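**Q** What follows is the residue order along each chain.
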Amino acid sequence: GIQVEQSPPDLILQEGANSTLRCNFSDSVNNLQWFHQNPWGQLINLFYIPSGTKQNGRLSATTVATERYSLLYISSSQTTDSGVYFCAVNSGGGADGLTFGKGTHLIIQP
Amino acid sequence: EAGVTQSPTHLIKTRGQQATLRCSPISGHTSVYWYQQALGLGLQFLLWYDEGEERNRGNFPPRFSGRQFPNYSSELNVNALELEDSALYLCASSWGRIISGNTIYFGEGSWLTVV
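Protein chains in written order, with this note's numbering: chain S, 26 to 135; chain A, 6 to 120.
Quick caveat, the hints were computed from the structure, so don't treat them as lab data. This one's a predicted model, so the numbers in the text were calculated from it and none came from an experiment. No residue lacks a Cβ here, since even glycine has one placed at the ideal position from N, Cα and C. Be aware that one or more of the hints could be misleading.
Footprint (simulated), chain A over chain S, 3 or more residues, beta carbon under 8 angstroms [to be verified]:
#, region
1, 52–65
2, 70–78
Taking CB as the label site, the calculated pair distances span [as the list claims (entries may be wrong)]:
#, chain 1, residue 1, chain 2, residue 2, range
3, A, Val-120, S, Arg-83, 26 to 34 angstroms
4, S, Ser-100, A, Ala-85, 43 to 51 angstroms
5, S, Asn-49, A, Gly-106, 17 to 25 angstroms
6, A, Ser-105, S, Thr-91, 19 to 27 angstroms
7, A, Ser-105, S, Arg-47, 25 to 33 angstroms
8, S, Ile-37, A, Asn-84, 39 to 47 angstroms
9, S, Gln-80, A, Asn-61, 28 to 36 angstroms
10, A, Gln-49, S, Arg-47, 18 to 26 angstroms
11, S, Thr-104, A, Gln-49, 24 to 32 angstroms
12, S, Ser-51, A, Pro-67, 26 to 34 angstroms
13, A, Pro-67, S, Gln-134, 41 to 49 angstroms
14, S, Gly-77, A, Gly-57, 19 to 27 angstroms
Chain S on its own, in the form it takes in the complex (with noise of 0.2 angstroms):
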């Protein structure tokens, strides 16, 4: 099946910084999505994106499915922003549903 890492998995940054997250994926996608799991379990959706740019206030994604990666990034984080950020992409080889990258797991200090 198909491969989904995301780097870095560990990420510590000051409220105010800048952030990538980067996702790369082993084969062709016909579906990728960006979410962020919050202390308390839940997964908000952030992003559909299989190809292309999206900007959603001070988060934004970029999918270059040609070179099999996407990046999400994170300007002047708060500390809400704290959580795991995961890639999870469908590859369309039959079977539905979502295969999920380990994460990024981001703390933002005050």
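Place chain A on chain S using the hints.
**A** Only chain A this time, still in chain S's reference frame:
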């Protein structure tokens, strides 16, 4: 509009017992997915239901089973509980198939602890 709802929020069972978890999808969504998030193992795909039928299952033993009801809600049953079944169980729903480019939305999860 209500999101995906799951119950119970927390559940404590003893080894060998059965656990039943429930999920109500977003109104209008017909596909329901179950994921297990065990400590240190990330999110693992469990089951996918669409239009009342089980369409696909992940690499889990048969004691993990479930069903989808005519109103598209779903339940996950875990029989003969083992300690390693302790995890956060997440349900998600989508309007159509992920393979077709649809977005999935997760509920808040059910924490299962097996003692």
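**Q** Look at each hint and say if it fits the structure.
**A** Evaluation of the provided hints:
1. 52–65: holds (count 5)
2. 70–78: holds (count 3)
3. A:Val-120 / S:Arg-83: 26 to 34 angstroms: violated (42 angstroms)
4. S:Ser-100 / A:Ala-85: 43 to 51 angstroms: holds (49 angstroms)
5. S:Asn-49 / A:Gly-106: 17 to 25 angstroms: Given about 21 angstroms between the Cβ atoms, the range holds.
6. A:Ser-105 / S:Thr-91: 19 to 27 angstroms: holds (21 angstroms)
7. A:Ser-105 / S:Arg-47: 25 to 33 angstroms: Since the Cβ atoms of Ser-105 (chain A) and Arg-47 (chain S) sit about 26 angstroms apart, the hinted range of 25 to 33 angstroms holds.
8. S:Ile-37 / A:Asn-84: 39 to 47 angstroms: holds (42 angstroms)
9. S:Gln-80 / A:Asn-61: 28 to 36 angstroms: Holds, since Gln-80 (chain S) and Asn-61 (chain A) (Cβ atoms, about 33 angstroms apart) stay within the stated range.
10. A:Gln-49 / S:Arg-47: 18 to 26 angstroms: holds (22 angstroms)
11. S:Thr-104 / A:Gln-49: 24 to 32 angstroms: holds (30 angstroms)
12. S:Ser-51 / A:Pro-67: 26 to 34 angstroms: About 29 angstroms separates the Cβ atoms of Ser-51 (chain S) and Pro-67 (chain A), which means 26 to 34 angstroms holds.
13. A:Pro-67 / S:Gln-134: 41 to 49 angstroms: Cβ of Pro-67 (chain A) to Cβ of Gln-134 (chain S): about 46 angstroms, so the range 41 to 49 angstroms holds.
14. S:Gly-77 / A:Gly-57: 19 to 27 angstroms: violated (35 angstroms)
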